Structure formats: structure tokens, C-alpha cells
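Each protein sequence line maps, in turn, to chains A and B.
With the first letter of the first sequence counted as 1, position 126 gets the number 126 in this note's numbering; the numbers rise by one all the way through.
With the first letter of the second sequence counted as 1, position 74 gets the number 74 in this note's numbering; the numbers rise by one all the way through.
In case anyone wonders, no lab produced these hints; they're calculated from the structure.
Check each hint, because a few of them may be wrong.
Incomplete in silico selection of chain A near chain B, CB under 10 Å [as the list claims (entries may be wrong)]: (1) Gly-38; (2) Ile-49; (3) Ser-51; (4) Lys-62; (5) Glu-70; (6) Val-87; (7) Pro-91; (8) Ser-112; (9) Ala-119; (10) Ile-122; (11) Lys-129; (12) Gly-131.
Nothing here was measured: the structure is a model prediction, and the numbers come from that model.
For glycine and all other residues, C-beta sits at the position ideal for the given N, C-alpha and C.
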Amino acid sequence: MAESQIAGTAVAAAGPAKEQTPRKRRRLKVSHPERCIGCLGCMFACSRIHSGTASLQDSGIKVLTRGGLEGDFVVVVCRGCEDPPCVRACPAGALERREDGNVIFHKEKCTSCGKCQEACLIGAITLDKEGKPIKCMHCGACIAFCPHGVLELEEVPA
Amino acid sequence: MLRKVLYIDLSRNESWVEEKQDLFAEWMGGTGAGIKLLREECPPGTDPLSPQAPIIFSIGPLNGIFPVATKAVATFKSPLNGELGESYAGGRLHLAMRFAGHEAIVIRGKAERPCYISINDAEVKIKDATSIWGIDAQTTGMILREREPGVGRRSIIRIGPGGEKLIRYANVIVDTYRHFGRLGLGAVFGSKNLKAMAISGTEHAEIPDAKRYREVYNKLYRTAVQTDIMEKYHDLGTSVNINVLNWLKGLPTKNFQASSFSEAEKISGEIFAEQYLFRRLSCAGCPIGCVHIATLKTAFSPHHEFEIRKISYDYEPIYSLGSNLGVASADGVLQLINAVEGLGLDAMSAGVVLGWATEAYERDLITPQETLGIPLQWNNVKSYLKALENIVKAPNEFYAALGNGVDFASRRYGGREFAMALGGNEVSGYHTGPASIVGQLVGVRHSHLDNAGYSIDQKAAKKQMDPEQMVDEIIKEDNSRGVFNSLVGCLFARGVYTEENIIEALGAVGIERSKDDLQILGKKIFEEKYRFKAGEGFDLSAARVPNRFYETISTLGKVSPETVKEMLSLYKSKRGW
């Protein structure tokens, strides 16, 4: 079984049933950052599942330290903004917000200008070696690899 | 897969990278590659504190890729016992080395003045550290965090004043809460004018078959989190053993004068968890979170003003600085742990040295003249705090002797029979029976973790074992841990990495090995280490067992010298020596 299926199952069991007409989308939420133990399991899950590598760079979610391990962990992930500044900042139309609320990335249009990264105040976008953005897709695959329930998927209006 | 060794020469202020496919193909990585490199770099008779003595860090093929493979190993010549120095640390170093692209790092030479090494991917710089020389290990970390890049993916390892002053059991602190604790790597750093190393990288590990990788990863991850293999590390942590060993009469107390402590309850894992624990941390890549952090809150005025310290605790420092010194309060233990952390001393060695000194003081082998008026008495935390500072400051011959380890100090002042070292290394916290004694004596680095003799004793307490069965177990662990330590997995997770799982995990990163291959490798690594030890004059036949081990009742009753002798002779014959 692949991780994304594990994650998906967990979410389906926990999440509210879909019934109403207003469109909803799923968004990854850092619901309990104070429970983080810094194992970086979410970051490894993201790169392993999406790019098939073992990497911290390829991850769409970041766990940083503030004040070293004596201080606090900071879990940085895309907030799925309703009016995403990264989309507005992109001069090439490589980032597009769909009607369903999801932001998708058109790699072929990207000019590696890095403006999306600058536009995101919380630092949720990193650039890969070619300067292309790495950003959370809100798939929730990382959730199954967090031993302390720091992360969850929430449903928000599209 | 990256198979590179980074060489850094501090005398010449230069560094270079060499590809070493053959080294890693033959010796796997971790401790296998480490001992091979040590034999290349460190000819017999090298002064361990001279520029010629190398420091070698290495990781294995699973680090940064699979769960709970979370350690890095340091290999060096020990300034404490003059032979094989080998020490393991968790934290983030394994990960930082993997993503900086260096599976091994060899440091040679001596810098002209205090320096630290800064590694970011392929870029290596040797930077001035004169302004932080003399600063405690915690503050050093704080300063370098502000200076160095790589937040969230770096590792900063550093020494305290203990290493700078060449205390023979000075440690290297890794990412604040983990350590290269044993056998004096901190002094080797100090001798090279090396205060710290900060390392980070942005590489990723190429995986030949992503699907297979994910499958094996999931299997290992589930084993780690969903079975009870690691449960004890998850809940109370290793300190659960204080009560357990106390009940079993295996908890060294007041320098091994007893094996149970009437006040054990007050320093138990339960008390720490209920009253002091405020968070747990993980080494990167491990979902367990066994690193237990306590808050020590000390009033510094009558007006509700407090100093707050965040201190990691484990079974071993609670034994060495707690029961072994008769310290009957968790507050006292935490103050002592905090002191050794700041000074950068190995907690186990420091506690055993103070235990010997307390008993020697009690028996008038040393007097207030030697201790400079400090009353070294059981449970006297204030005295112990002053004594620890004096060990590093070395204001007289006595404290300087303490800084050379318990073997050295007892040769000078007497009390050999209660100088608790095996193979020149201060012993760990188990008086469980003969397997613990023999295990530490024959172990390559004279550590309880070489072959877990303490665990064999505890098995024997449940189901009778004869000396030969114990020796067989010791040899089996000696060899198999050589393999596991070449992958540099966490020994707490050894249950996750069965032989089958190791073969699968290696296969997923493109390294095909059979069971036979692994067994041959384990034996070969062990033998290579013993070649190094022999070259430095280690002779198992001449190794000393302090008489105290035979006087104090253990978990398995009184241990007789004859049993230990019989086991050693069986061990030698089974090894073909």
C-alpha cells in the first residue's frame, strides 16, 4: 500500500462527509505545532512520495528550529490562501488558482524568476536547484508519518 | 549513491574530496569504514593528542534514507585509554553529512589558533574561533546558530572548556542534547584547536527504485511505531531503568558499594517524567522521540525569580551522577548533568571519577589538602559541582589527576580495587552479573553497548545460562553490532532492523548483500578493530577487573573471579586467540 492511500484513508475516516453543494477543498493545517518533536518524518514523506527521493530540499513542508533544539519548532506549510500572493506575483502565469481553490503549477511556463518565493510572507515556497518552486499540494500524505498528530487536513470553502 | 570522503587538514588549512567506492563496498560505511580509515591514518604509537592523530566521522548507506538510522560514528585514538576511540551520536549529524554529500570526514593536523569548521555542501571553510574559545558548549551552539546557514537541516557539534583543557574524557556535544560522549573525542578536538564543526547540505539521496524504497520504508516505519519494540524509549525513556535495576539489584550505588539505592524512587524515571519532563525530541528521521528534556527551575531570589534550564536526561547520567554518588534528588542530578553539559565532560566518566574520589576521601587516601577544602561526600551536590569545575581548571595535581580518568588517578592515589574502569574506560550503570563485566572488558570500545552484557545477565536472571552460553551471546552481539553500526542505526531500534530487514533496506538503495555477507562483515570489522587495539598495546589477558565487582552482590548474586576468568578463557578460545 502506498502512503498516499494510508493518508487518504485516515482522512476519509476523520473528515466530515461531503454532502452540501458549496464547493470545498482540502487544506493541510498545522493544528498542533507544539506537539512536534522534530523527527522531520513529514518532510521525508513529502519528498519520498512526490519525488521518490530522500531529501529535505524536495519537501513542500518545512520543519525549522527557532533558537535551536532548545527553542521551538516552526512548521511551515502553504496556507492555501484565498487570494494567493504567489499566483499574483508570477509574471509568467505558471501558478494558477483553479476554481476549486487549488493552486497548480505549470512547470513549462516557469522562468525560475523566484518572485513567488519572495511573495510568500510565511516562506512556504522553496526553490529547487533549477529555481522552480516547491510547494505543498495539500495532499495530506505527510499526515500518516507524523507520530504526534501535528498535522491534519481541513475542509475549507473553495 | 554518494561514496565520498572529505579530508580536512587543519595545519595546512585545506580540504579535498576523494571518491572511495572500494572502501565503502568492502567496509559498508559507519564503523566499518571508520576503522579502516583509522588504520590508514593512525599508525601504532601515535600520540592521540598530537596533530598526527586523526578524527574520523562516518555514516552508513541507510542514514538519512530510512527511519531510525539516525547516528553518526566518530573513530579516533582515545586519549583516555590510549587505544581504540569509538563513539556514537544521534541528533542531526548523520542527516547533515548525507545531504552535504560526505559519507566520511577525516580531520587531520592542528590549527594555528582556535578555529571551527563550516561545511555547506561542497564548500568547506576553516574559520576563526578565538572569540568563542573558553565559552561553554551551550552558548557556543547559540552563537554558531546565528552565524551559520541551514536552519532545520544542519548539525552543530562543539566542545566545552573540558575539551579545550584536554580532559581525557571530554565529550563533543551534538545539536545541544546528544553527544559523542565516550573515550575523549572532546580532548582530541581541543588538541587540534578545533572548537566546533557546523555542517549542512542541500543534496538529496538518489534512490534506484522509488516504489521499492517506499514499500521498505513503510514496513520499517510501521515496525518502529506500531509494535512494542521501542515502547520503553517512547514513554519514560531509558530512565525507566532506575527503578527496574534497583529492584533487580543491578543499580550501581555509591561507587558500586551497593547495587540498590534506598533513595532510587526520588531519582526514578517516573519522578522525572511526572515532575520535570516538559518535552521530548527526536533525532532527525526517528518517530520515537526518546530524547527527554527536563526543566530545572531554581529560585535566585526570595521574590519568585527563577533561572530556567532545559536539560536532557537519560538512564546513564542519572546512574553516574545520581545513584553512583548517592544523590537523592532529581534536582541535584539535573544540576550535575547541567554542569557536565556546560563543561563538555562525559557524564559517565565524570560520575565514576567523582565516585572513586568520594570513597578515597572517605578512606583518607586523599585529604582536604588535595581537594582544596571541598568535602567530597555522598549526596553533596554543591561539592560535586565545585569539583567538576576544578577538574577542568586543574588548580592542583589532584584535580589534574582526576582529569586523566579513574585509572590514572587511582594509580597515583591508591584505591585501585574500587576504581571502576574496564579497559581503561569508566564503567556504565550496570552491576547485573558476569556478562556485563566480561562484555565491557572484551568489547572493542569497552562500552556496555558493544555487546550488551547487561542484557544477557538480565536474560540469565529469568532463564539460567551457563558461562559458555553467555560468551556465545557476547560474541554474537559483538559481531552483529559491527554490521548495524556500519549502517549507523540507533541501537534502541536494533529490534526493527532484523537481518532480513537490513538486507531489504540495503537492497532498496542498490546494495545487494546476503546473510552470509553480513556475518562475514561483522566478524571482519571486529577483527580489524582488535588489530588496531593490539597495535596500541591492548592485551585482554592483562586487563584488570576492579575487585569491587566481586564484593558487591549483583542481579545474578555474587560474581566470582573464577566465573569471569572462565568466561574470558572461553571467549579467547572461541575467538581463536
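Exercise. Taking each numbered hint in turn, which are not upheld by the structure, reported in ascending numerical order?
Worked result: 6, 7, 8, 9, 10 and 12
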